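Using the sequences and the hints given, assemble the complete structure.
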Amino acid sequence: MKCAFCGHEFDEKEARQGCGACPGGCHSVHCPKCNYSNPLEAKLIRKIRSLFTRNDDQGGDGA
Amino acid sequence: MASCCANQTEVSNRGDTLKRVVLVGNPNVGKSVLFNALTGAYVTVSNYPGTSVEVSRGNATIQGRSWQVIDTPGMYSIHTITEEERVAREIILHETPDVVLHVLDARNLERMLAMTIQLIEAGLPVILVVNIMDEAERMGLKIDLNLLQERLGIPVIGAATARKRGLDQIRSALASYASGKEGAAPMQFPYASPLERNVQEVVGLMKGEYILSRRALAILLLQRDEEIVSLVREREGEGYAAIAAKVASISFERRESFHLDLSLERNSMVRNLVKGAFVAPDTRVVTWSEHLSRWAVNPLTGVPLLLLVLYFGLYRFVGDFGAGTLVDLLENRLFMERFNPWITGWVKEIVPWEIIQELFVGEYGIITLGIRYAVGIILPIVATFFIFFSFLEDTGYFPRLALLVDRVFKRFGMTGRAVIPMVLGFGCDTMATMVTRTLETVRERVIATILLSLAIPCSAQLGVIIALLSKAPGALAVWGGCLMLLFVVVGLLATRVLPGDAPMFYMELPPMRLPQVSNVLTKTYTRMQWYFLEILPLFVLASVLLWLGKVTGFFEKAVDAMTPLMASLGLPRETAVAFIFGFFRRDYGAAGLYDLQTKGLMDARQLTVAAVTLTLFIPCVAQFLIMKKERGWKVAGAIGLFVSCLAFGSGYLLNQVLLITGLLT
Ligand SMILES: [Zn+2]
Ligand SMILES: [Zn+2]
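So the protein lines, in turn, are chains A and B. 25 is the number that this note's numbering gives to position 25 of the first sequence; each next residue is one higher, with no gaps. 1633 is the number that this note's numbering gives to position 633 of the second sequence; each next residue is one higher, with no gaps.
One or more hints might be untrue.
Chain B residues, not near chain A, derived (Cβ > 10 Å throughout) [unchecked claim]: (1) Leu1334; (2) Val1408; (3) Leu1498; (4) Val1559.
Label-pair restraints from in silico Cβ distances [unchecked claim]: (5) B:Lys1275 to A:Arg46: 51 to 59 Å; (6) B:Phe1321 to A:Ile48: 25 to 33 Å; (7) B:Ala1638 to A:Arg46: 41 to 49 Å; (8) B:Val1303 to A:Ile48: 36 to 44 Å.
To give an idea of the chain A side of the interface with chain B (calculated C-beta under 10 Å), a few residues [unchecked claim]: (9) Ala4; (10) Gly7; (11) Glu9; (12) Phe10; (13) Asn38; (14) Pro39; (15) Leu40.
Everything labelled a hint here was simulated from the structure, so no lab data went into it. Computed from a prediction, not measured in an experiment: that's the story for all the values here. Just so it is clear, CB atoms sit at the ideal spot from N, CA and C, and this is done for glycine as well.
Structure follows, in structure tokens:
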């Protein structure tokens, strides 16, 4: 994902464990570069999105 | 060339298993994107030894060969000025790159080519990446990359790394460098005769082995680059005296004209280079986002723009619409008129004990107070705030705001970087306090923590207060003025009192763009979801505690104890309740104030004094705990005490001023 503050692109999984200090559990993905807390996409949204995304959006860099 | 040989020997000493490529270029040309594309996931980011500058390193496998990729901080020239530039040059000087990848922005090709010339002149193995080609093409710029390659004598690759364009060419250019296929001697760029003669005179005296070419070093010596001076002094030993004398005599002879001559010469070199290779349309198309970006960063236009953003975003949208219209709808129409009477009747019917009825539907009942505050007052306010916040975030405005405020924040011992916690503080101070750990120095962290706990209201509190005060003309201005004044005074004082220097700030600006509705909505939904998960239990707990306080009579005693304090601020006794709420959560306190105003218990002056005191007043429990966790008991305790005294002191003073001047009456 891309940090909404500094534009740094990073792997979501890498950053997720990075924080652990947000009150009430961390619900955000902290940018490894600037530590801006990007909101972690809610499950509901993720599901809705997966219904609408076409295949070409999910290709990643495999191709 | 001696420099090249020196380079080669060191390379072969290291063995040819691990090649090294260093990315250099101005800030904001897409280096980081290219870095990420080359390296993938395995990246380490660490401070460069002895500095606060971060350098990213990662590994890449290119055509079967392992590479180390180093991303350097932005630099404008080999003649370094900032700490970032010094670090970038240190890396070139001491990490003996096999390839220096100079990334530049195609839209500003002419301005940025000067550094390419410097890199070639320094004898470095340069590959030029002309990035952001897609934007340049959209603007109608035509760039002849082949002609440029021919004139520069180094590989030139057109790319749009954000769109993964040109990556393969970059990889194969790296691979052919590694296998020694790129043997062609780089171009020489001679200067006009007097300048060229001066450079040659200095070069002729140099004997040592260097990574940068003697020619480049001679020019840097003539520019009085201190690090290069000491490097040359060290390498040349006894011969240095002659060089120093030569440099001094040339400087004397040319007076100050050396820098000017050099830059004029380089400009004309670049002009020759791009002649026919870079064609801009007659009327250059400047995209609206470039305009906006420039306006946002320039203080003359940036400050009015910020005020506009705040007026329409916070005042009109969050204040008027969210905290006005929507709260009225939910709180008054739904809760007060319909839901509360209904649930109260219902609970009283099925629960026989009054004390339990009170717990749920009483004055401080979980449902009639806790849920009502959360859903009726806080929900519409944070919803509108998060929409506004996510919208701004999506435009890419925040990093520009950081640059804009950098020069102001410097006076407070912070850098523009501190805008991140400050901006987040308007969302929730608790979260923001935690984010202060991203600031570079302990001093900056402490200052930011103080300012956060003092003068930055969180979103819900802000919304409620704006809604409250916008009904009394002038009140909002007085409130805003007081906060600004304290922010500035405390910031300035903190810088004086706390030891240490303000660190440097540097940031690459991602492009500005039109926000996408889906992005804004999903972010808003996500933020609201976790916000509610977090606050609902707290509101319920606070209600229970308040109920306990009421049942045991403790609450009454606390209000009694605070009555003299409230009286000294010129506030009615009931305001103590809002302050006690505020201790649980900032927004809870503000909601309490909202309640009091609805009941008609306060006039404009009292409202303003209460709002100022409550905003400044001690951070909520959660923020205090995070402060303790981040800064330790001593610092957190000191900040808490300081902030509370300052809050009530300011409230007292403000009340006196308002009474004497008769303002707001
Ligand atoms: Zn970031
Ligand atoms: Zn977190």
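Hint check:
1. Listed as a non-interface residue, leucine 1334 of chain B keeps its Cβ farther than 10 Å from every Cβ of chain A; the least gap is roughly 24 Å.
2. Interface exclusion of valine 1408 of chain B from chain A stands, the closest Cβ pair being 19 Å apart, more than 10 Å.
3. At roughly 22 Å, the least C-beta separation between leucine 1498 of chain B and chain A is larger than 10 Å, which holds for a residue marked as non-interface.
4. Non-interface status of valine 1559 of chain B relative to chain A is upheld: no Cβ of that chain comes within 10 Å, the nearest being about 28 Å off.
5. Distance hint check for lysine 1275 of chain B and arginine 46 of chain A: the Cβ-Cβ separation is about 53 Å, which falls inside the suggested range of 51 to 59 Å.
6. For the hinted restraint 25 to 33 Å between phenylalanine 1321 of chain B and isoleucine 48 of chain A, the CB-CB distance of approximately 26 Å keeps it satisfied.
7. Roughly 44 Å separates the CB atoms of alanine 1638 of chain B and arginine 46 of chain A, a value that falls within the hinted 41 to 49 Å.
8. Judged by the Cβ atoms, the range 36 to 44 Å given for valine 1303 of chain B and isoleucine 48 of chain A holds: they are separated by roughly 40 Å.
9. Here the hint on alanine 4 of chain A is kept, as its CB sits about 5 Å from the closest CB of chain B, short of 10 Å.
10. Proximity of glycine 7 of chain A to chain B holds as hinted, the smallest CB-CB distance being about 3 Å (cut-off 10 Å).
11. Interface restraint check: glutamate 9 of chain A against chain B, minimum CB-CB distance 5 Å, threshold 10 Å, status holds.
12. Because the closest C-beta pair between phenylalanine 10 of chain A and chain B is about 7 Å apart, less than 10 Å, the hint holds.
13. Annotation: interface hint on asparagine 38 of chain A holds; nearest CB of chain B at approximately 9 Å, less than 10 Å.
14. Proximity of proline 39 of chain A to chain B holds as hinted, the smallest CB-CB distance being about 4 Å (cut-off 10 Å).
15. With a cut of 10 Å, the hint placing leucine 40 of chain A at the interface with chain B holds, because the nearest CB-to-CB distance is about 7 Å.
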